[in-house]
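Order-wise, the sequence lines are chains A and B.
So that you can map any letter, position 207 of the first sequence is 207 in my numbering, and since no number is skipped, the others follow by simple counting.
So that you can map any letter, position 9 of the second sequence is 9 in my numbering, and since no number is skipped, the others follow by simple counting.
For the record, the hints were derived by calculation from the structure and aren't laboratory data.
Be aware that a few hints might be false.
Example chain A residues on the side facing chain B (calculated, C-beta under 10 Å, incomplete) [as the list claims (entries may be wrong)]:
{"no.": "1", "residue": "T9"}
{"no.": "2", "residue": "S30"}
{"no.": "3", "residue": "G93"}
{"no.": "4", "residue": "L153"}
{"no.": "5", "residue": "I207"}
{"no.": "6", "residue": "L209"}
From the three backbone atoms N, C-alpha and C, an ideal C-beta is built for every residue, glycine too.
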Amino acid sequence: MHGDPRIDTMVYLDTPEGVQLGYEVAGTISRALAWAIDAAIRGAIFIALAMALGINATQFVVDDNLAMAVGLVSVVAFALEWLYPTCFEARYGATPGKRLLGLRVVQTSGVPLTWPSAIVRNFLRAVDFLPLLYMTGTIAMLCNRDFRRLGDLAADTRVVYSALATPWQLFNYPRSVRPPATLDEDTRQAILGFAERAGSLSAARRIELADMLFPLTGQRGEAAVDTLMAWSNWIVRGQTR
Amino acid sequence: MQKQSHFETTHSPQWDHLRDLLAQLSSVNPLRRRHPTTLTELPALHTQVCHHLALARSRGYSPGLVNRLHDLVLDSHRHLYHHKGSWTQRALRFVAGGFARLVRRHAGLFWICCGLFYLPALLFGLLCYTDPDFILRIHSSRQVQDIETMYDPGNFNALRPVGYEAAGQFQMFGYYIANNIAIDFRVFAGGVLFGIGTVFFVLFNALHIGSIAGHLSGIGYNPTFWGFVAGHSALELTALCISAMAGLLLGRALVSPGRSRRADALAMAAGDAARLIIGAALMTLAAAFIEAYWSSTEYPLRIKLSVGAAIWLLTIGYLWRAGRN
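Turn these sequences into a full structure, and let the hints guide you.
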């Protein structure tokens with residue numbers, strides 16, 4: 001699994017228990033989209049607050065209530081720029097924008113984000129943002145294997161896709177046929193994968209995929225699908241009566 | 001070799017148990033959420049499921065099973081290795097003495113940053129003091145006019161910047177927070193440009209502050225200017241130097257990483273740098289409070305200078321002695 005020459009965005013880490021855990025690294029486009037969503041959220045909060053307090057750009061400070069409001073707006077603007085991403089990432093591992101895209105920030109060792117890392121990572125946005133719209137950050141992301149911008153490099157973090165919850169179901173099929181003994185490991189895994197996904201594929205697609213193994217099964221169409229499912233059932237369950 | 005279905009039926013109770021535990025740990029409802037330390041069976045269960053994952057992989061079970069076990073182990077790993085101590089306690093200990101100890105640990109860098117700020121500030125302050133027109137080389141005449149208006153002893157505008165004459169104290173508090181803490185953060189962030197950004201911002205601020213101080217003293221606006229800055233200068237200027245420390249820690253990691261790779265040196269320096277910048281931000285927050293609510297009040301000069309001197313002594317005393325056994 002781990003010396004695989006495939007080109008993918010997986011990062012494999014060894015754990016103290018001796019297993020390897022794989023993380024799928026997020027690329028520039030999804031992170032840019034997440035940032036855009038966050039910017040929209042922050043803009044909306046700011047505008048909503050300003051409107052609620054009755055401030056617009058042409059008004060000026062003329063009384064105490066308004067002065068208080070403008071003071072509040074300054075603090076909120078500051079908090080939205082510097083504290084919004086920091087607090088969300090330190091507490092939940094993802095800002096709302098990232099969460100919508102299924103992203104999460106973790107340390108390179110795989111553990112969740114610590115507070116010092118969250119602080120460093122987000123305060124260095126000031127540099128990653130230069131000169132315009134994260135150009136420095138994007139160039140940094142494209143220069144290393146894991147799409148880490150300057151903030152990630154300094155804070156020793158990575159942005160990965162969080163795992164989706166897959167439904168848990170024991171594989172079952174009425175027939176069971178012994179497969180040929182000459183099946184190699186990769187083919188076996190491919191057939192098992194096909195059998196597990198068969199439920200979510202259309203009938204035409206199942207036939208299309210099963211036909212690809214014609215040299216092995218000697219069959220086409222629905223018969224080929226049935227044969228592959230029966231083989232999978234044998235591999236999973238052994239001989240059924 | 002055990003068949004996959006038998007493997008699944010035998011061990012799925014354990015997997016379900018682990019998933020329930022994890023669900024309890026990450027429950028959104030705080031009343032239902034269990035504290036990690038109460039789950040004494042989690043480590044052993046995690047190890048067992050890791051073993052199952054390794055078995056499933058080595059025996060070539062179906063990709064679906066392997067992926068499900070992998071995701072379960074991933075989630076369990078995340079909860080098991082997530083250090084979640086009591087943050088309030090750590091925060092209090094940081095403020096009480098941890099921050100001061102951290103500054104003392106990098107004492108050499110602290111003095112360098114102070115020199116980087118105060119020496120140019122003094123130099124340009126003296127130049128502006130002796131020559132009333134020197135400041136025009138640094139600021140535009142409009143800016144100089146605004147500053148002189150703000151600190152004019154004959155002007156009853158309560159030491160507000162031009163344009164904020166009628167501003168309330170809370171509004172100024174908000175303005176100072178947004179303005180001054182952002183300066184600290186930029187000084188810090190500039191460190192990742194090999195330290196050049198930090199040096200640039202510190203020199204810029206030194207010139208700005210020093211020239212204004214020298215010029216206003218030179219034209220005799222002493223009571224207003226020094227009365228205004230006495231209270232908050234200790235915290236604000238020291239915080240600026242500490243922010244520069246944080247930035248230069250990052251810069252030094254990049255410029256001379258020693259025997260580590262640059263990325264590793266940066267990651268190692270980032271821990272201390274983050275704590276320094278947070279401490280500096282808290283100091284600037286306190287300075288903003290003093291600046292908004294105390295500095296522009298109209299007490300006699302000697303009272304304001306005494307209070308200012310006292311705060312300077314407290315700041316120096318804190319950095320020097322706090323956190324020592």
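Legend entry - A/I207 as an interface hint toward chain B, with CB separation required under 10 Å: 21 Å, violated
Legend entry - Supplied contact hint for A/L209, tested at 10 Å Cβ to chain B: 15 Å, violated
Inset, instruction - Mind checking the CB of A/T9 against every CB in chain B and telling me if the closest is under 10 Å? - result: Constraint on A/T9 not satisfied, violated at 16 Å.
Legend entry - Hint validity - A/L153 Cβ closer than 10 Å to any chain B Cβ: 5 Å, holds
Inset, instruction - Could you check if A/G93 really has its C-beta closer than 10 Å to a C-beta on chain B? - result: Holds: closest Cβ of chain B sits about 9 Å from A/G93, inside 10 Å.
Legend entry - Cut-off 10 Å, beta-carbon criterion: hint that A/S30 touches chain B: Cβ of A/S30 sits 19 Å from chain B, so the hint is violated.
In summary, the numbered hints that this structure violates are 1, 2, 5 and 6.
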